[in-house]
Structures are given as C-alpha cells and as structure tokens.
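So the protein lines, in turn, are chains S and C.
Sequential numbering of the first sequence, starting at 1, is according to the numbering used here.
Sequential numbering of the second sequence, starting at 1, is according to the numbering used here.
Worth flagging that the hints you see were computed from the coordinates, not collected in a lab.
Quick list of simulated restraints, FRET-style, between CB atoms:
| no. | chain 1 | residue 1 | chain 2 | residue 2 | range |
| --- | --- | --- | --- | --- | --- |
| 1 | C | 220 | S | 27 | 46 to 54 Å |
| 2 | S | 182 | C | 276 | 34 to 42 Å |
| 3 | C | 25 | S | 183 | 31 to 39 Å |
| 4 | S | 86 | C | 83 | 29 to 37 Å |
| 5 | S | 175 | C | 42 | 54 to 62 Å |
| 6 | S | 86 | C | 27 | 16 to 24 Å |
| 7 | S | 127 | C | 151 | 46 to 54 Å |
| 8 | C | 208 | S | 52 | 47 to 55 Å |
| 9 | S | 183 | C | 228 | 55 to 63 Å |
| 10 | S | 157 | C | 165 | 38 to 46 Å |
| 11 | C | 87 | S | 157 | 31 to 39 Å |
| 12 | S | 175 | C | 65 | 40 to 48 Å |
Below, simulated DSS-like cross-link-like pairs (lysine-lysine); rule was C-alpha separation at most 25 Å, straight line:
| no. | chain 1 | residue 1 | chain 2 | residue 2 |
| --- | --- | --- | --- | --- |
| 13 | C | 56 | S | 139 |
| 14 | S | 59 | S | 96 |
| 15 | S | 59 | C | 278 |
| 16 | C | 56 | S | 96 |
| 17 | S | 96 | C | 269 |
| 18 | C | 56 | C | 244 |
| 19 | C | 56 | C | 269 |
| 20 | S | 59 | C | 244 |
| 21 | C | 90 | S | 96 |
| 22 | S | 133 | C | 56 |
| 23 | S | 59 | C | 289 |
| 24 | C | 211 | C | 161 |
| 25 | C | 289 | C | 269 |
| 26 | C | 293 | C | 124 |
| 27 | S | 96 | C | 289 |
Every value quoted in this text rests on a predicted model; they were computed, and no experiment measured them.
Note that CB positions come from ideal geometry on N, CA and C, so glycine has one too.
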Amino acid sequence: MFEAVAIGVSAGGLRALRSVLGPLPESFRLPIAIVQHIEANSDDYLAEYLGSLSSIRVKEAEDKEAMEGGTAYLAPAGYHLLVEPDRTFSLSVDDKVNYCRPSIDLLFESAADAFGATLVGIVLTGANGDGSKGLRHIKGRGGYAIVQDPATAEAPYMPRTAAAGVAADRIVPLEEIPKLLVQLAQVTRQ
Amino acid sequence: MSLMSRDIEVGAEADVSGVALSQQNDPEAVSFELLLEGIKRRWGYDFTHYSRASLKRRLDQARRDAGYERYTELLDRLLHDDAFFDHFLKYMSITVTEMFRDPAFYRVVRERVVPILKTFPFVKIWHAGCATGEEVYSLAIILHEEGFLDRATIYATDFNKQSLDVAQRGVYPVAHLDQHAANYRSSGGTRPFSDYFSSAYGLAKIKNVLKERVTFSYHNLVTDGVFGEMNVIFCRNVLIYFDKTLQNRAFELFTNSLRHGGFLCLGTKETLNFSSVKRHYEQIEGRCKIFKKCGTGDV
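Given these sequences and hints, build the entire structure.
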C-alpha cells in the first residue's frame with residue numbers, strides 16, 4: 001500500500017505538473033511532495049497557479065508542516081525540501097546539490113528514508129541530471145519508480161538519465177501518469 | 001519555566017522523537033543514535049533535536065569524507081581525536097550566507113523597524129547564529145546609514161568558533177562583493193557599496209566603523225540560556241535545522257530575551273505558526289517574517 005508520492009521536475013515543469021496534477025480526482029488520498037527547479041527569489045505563484053487548475057490542494061511546503069493526504073506540496077524557491085522520519089517537512093539552505101537548491105535528490109533520499117517501500121518516486125521533464133541518484137535510493141528502499149517517457153518530455157535529458165540509472169517500474173507518457181497514480185493509490189497490498 | 005527544567009524536559013522527550021519505533025533496533029539507526037549520544041557526552045554538543053533529514057546528510061558527508069563505512073567508526077575517532085572534532089564541527093554548522101540575503105527583508109528592517117528603534121536612546125540587538133557575519137554587517141550598514149549605529153550594541157553569537165573568527169575578522173573574498181552589492185541595492189541601499197570595505201589582494205575587509213558596535217561571542221542555542229534584554233533578535237535560517245521541540249526551546253529563549261515591543265526577525269520561510277509562543281507576537285508585514293512581541297511577561 002502506497003503512502004506518498006515524490007515528484008522531481010525541471011525545465012518544462014509548468015506544463016508537466018499541470019498535466020500530472022490537473023486530472024487527479026478530489027478524492028486522491030496520497031500526499032505529493034514536489035521539487036520543481038526554480039529561481040531563488042521566486043514567490044509562491046506556481047503553487048497558486050497549479051492549485052487553480054487542480055481538484056487537490058496545492059501549496060508551498062512549510063517548515064515542520066505535517067504531510068497530509070490529497071495535498072501537493074511544492075519546495076519553496078531557494079530552499080531544499082526534506083521529509084523527516086515523522087513525515088513532516090523540513091527546509092534547509094545547505095549547499096546546492098547538482099547546482100540546484102531545491103534539489104530533487106535530497107527530497108527523494110529523505111522521503112525514501114521516511115517512507116521506504118510505500119513511496120512512489122517520479123522523474124519528469126528536465127535538462128539536468130538531478131533526481132537520478134535519488135530515484136535509485138527510492139528503488140533501493142523498495143519504493144516504486146516512475147519515469148516520464150523521454151519522448152514525451154519537453155526536455156528529455158533528466159528522464160533519460162534517470163531511466164538509464166535505475167530499473168524503473170514504469171516508463172510512461174506524461175498523460176498516463178495521473179491514471180497510474182490513481183491506480184497505485186488504490187493498491188491495498190503489495 | 002526555568003532553563004534547567006526546560007533542559008530536562010528536552011532530554012526526556014528524546015526517546016520518542018526521531019527514528020520510527022519499528023526501526024529502533026536496525027543497526028544503522030542504533031549506531032546513528034549512539035553517535036549523537038557520544039558527541040553529546042564527550043563534547044557537550046547536543047544534536048539529538050536537530051531535523052533528522054539534513055542532520056543525517058551532514059553526518060553522512062563527514063563520515064564519507066573521513067573514509068568510514070559506519071557511524072560507529074566516526075564516533076570512535078570523534079571520542080579520541082580532539083583536532084578531528086573541530087574539523088567535524090564545520091560539517092555541522094550553517095555557512096551558506098550572503099550580505100543582505102533576502103533584500104526585501106532588509107528593506108522592511110530599514111523602513112519599518114529602524115524608525116521605531118530610533119525612538120529609544122539606546123538599543124541592544126542579538127544576532128543568534130551569525131555564522132561568518134555577513135548579515136551582522138548588513139545590519140550594521142543600515143544602522144550606520146540611518147545615523148543610529150553609535151546608539152546600538154550588536155551581540156553576534158554562534159556555536160562554531162571558526163565561523164566566529166571569520167565573522168570577527170570581517171574579511172571576505174572580493175569575488176563575492178558583486179552579489180552583496182546587488183543585494184544591498186535591491187534592499188534600498190543607495191551609497192557606493194565599496195565604501196564599506198578596504199580591498200587588497202582579492203580580499204575585502206569591512207571598515208572598522210562598522211565593527212565598533214559589534215561584540216562577537218560563543219552561544220549555543222541548544223544548551224545556553226537567556227541573553228539580556230534585547231530590542232531586536234535576528235535568527236535567520238537557523239531554526240529550520242531544529243525539530244519542533246528544539247524550535248520551541250529557542251522561541252521561548254528568544255521570547256524571554258526580548259523586551260516588550262521588541263522584534264523577532266526570522267528567515268523568509270520560517271514561521272511562528274507551529275510554535276508555543278505564537279500568541280505573544282504579531283507579524284508586522286505580510287511577507288517578511290518580522291514579529292513584534294506584544295504579550296507581557298515571560299513564557
């Protein structure tokens with residue numbers, strides 16, 4: 001039974017996140033943690049925008065906030081987003097990882113430590129290699145790895161690198177990801 | 001509540017926080033806990049109430065760089081090698097900082113906080129967790145430009161003595177000045193930024209006039225106590241590294257160190273919303289995390 005979803009996305013992320021979050025039903029019960037690479041001084045416009053197009057709640061993650069089902073949390077600009085063992089978020093301004101802060105690897109690694117085999121990790125479109133180490137860590141902890149089919153990605157480098165680095169459970173076109181997530185959320189036993 | 005009893009309370013909660021119950025006898029989890037306990041007992045630095053995810057990352061980095069597979073090997077070295085502990089501490093402190101970090105925040109300090117401070121004959125400011133001092137000197141520059149620096153005393157503290165040494169020297173790479181100057185200008189600064197430094201050999205040294213009112217000293221937010229009757233407390237991007245228990249200890253410490261009507265200035269993504277002291281404060285502006293102490297008395 002899956003308990004949480006972690007998504008990493010970079011260049012082309014606006015359209016990709018719209019396509020993933022938009023079709024999810026209001027009843028979707030898992031929390032979703034998202035790192036979208038973004039300029040350090042950006043405001044929380046992205047969360048507001050995606051929230052306006054989605055049936056689930058979309059917000060910027062706050063330090064020490066508990067992860068709630070049916071909510072998508074975005075990493076704030078300029079901060080790493082991490083998941084604590086008690087399944088609350090923490091933020092950090094530690095050095096950039098893969099030239100990025102927030103870094104997808106950091107979210108994935110900490111979320112995998114917190115959720116183990118009950119985590120679904122997804123790498124979407126992007127033009128750098130962030131996320132592939134983290135996705136391997138998710139698989140290493142028994143979690144489920146999804147990679148967007150690079151042929152459907154605005155920037156194929158990131159999903160291609162992730163798929164090359166780990167035996168993903170599914171490599172699927174962008175449009176099929178929401179349906180897959182709904183199915184995974186309904187799995188009651190692995 | 002006295003600090004002594006607070007310490008005991010923090011300690012007593014240690015067993016139930018952190019690693020989930022099901023993982024408590026996992027070898028990695030056990031050795032991780034032993035490492036934290038060993039550091040605490042040998043050196044008096046208590047990291048047990050730090051946010052686990054970034055703490056683990058820092059300890060993993062220190063362990064790998066020292067060439068060890070296991071936390072227990074790192075612990076052995078830390079117990080017996082004094083010089084190595086000083087080196088290790090570098091991994092444990094927050095060193096990513098810039099002058100006028102979050103320019104919008106410093107604009108509000110200049111436009112909203114300083115005018116109120118000017119109504120006092122003399123003010124005391126505590127910068128807790130000052131790291132290498134960039135933000136301390138940012139504040140000193142604002143107070144200097146507002147003609148108020150000679151009526152202020154700034155106490156800048158950190159638990160990392162090496163960072164404090166850097167802060168006290170006030171010497172920074174010239175290469176960073178462009179970023180600092182850009183931040184300064186977007187925070188509302190209008191003077192030639194280079195006037196505040198003397199530069200030579202690729203280094204820029206903060207002018208003495210900005211250092212005279214600053215006192216640097218050692219203070220550990222985890223274990224040390226109340227710090228005077230402050231008009232303003234800065235503690236930016238430090239508390240995100242603490243768990244909720246330790247955050248509340250720090251918030252209570254700040255509340256007890258702050259005068260009525262004083263200001264608590266946090267990082268842009270830090271909040272009092274989940275804290276035990278929320279009711280004592282009101283936020284003075286929408287986006288910047290500057291809180292005015294309104295309640296009376298201590299917590």
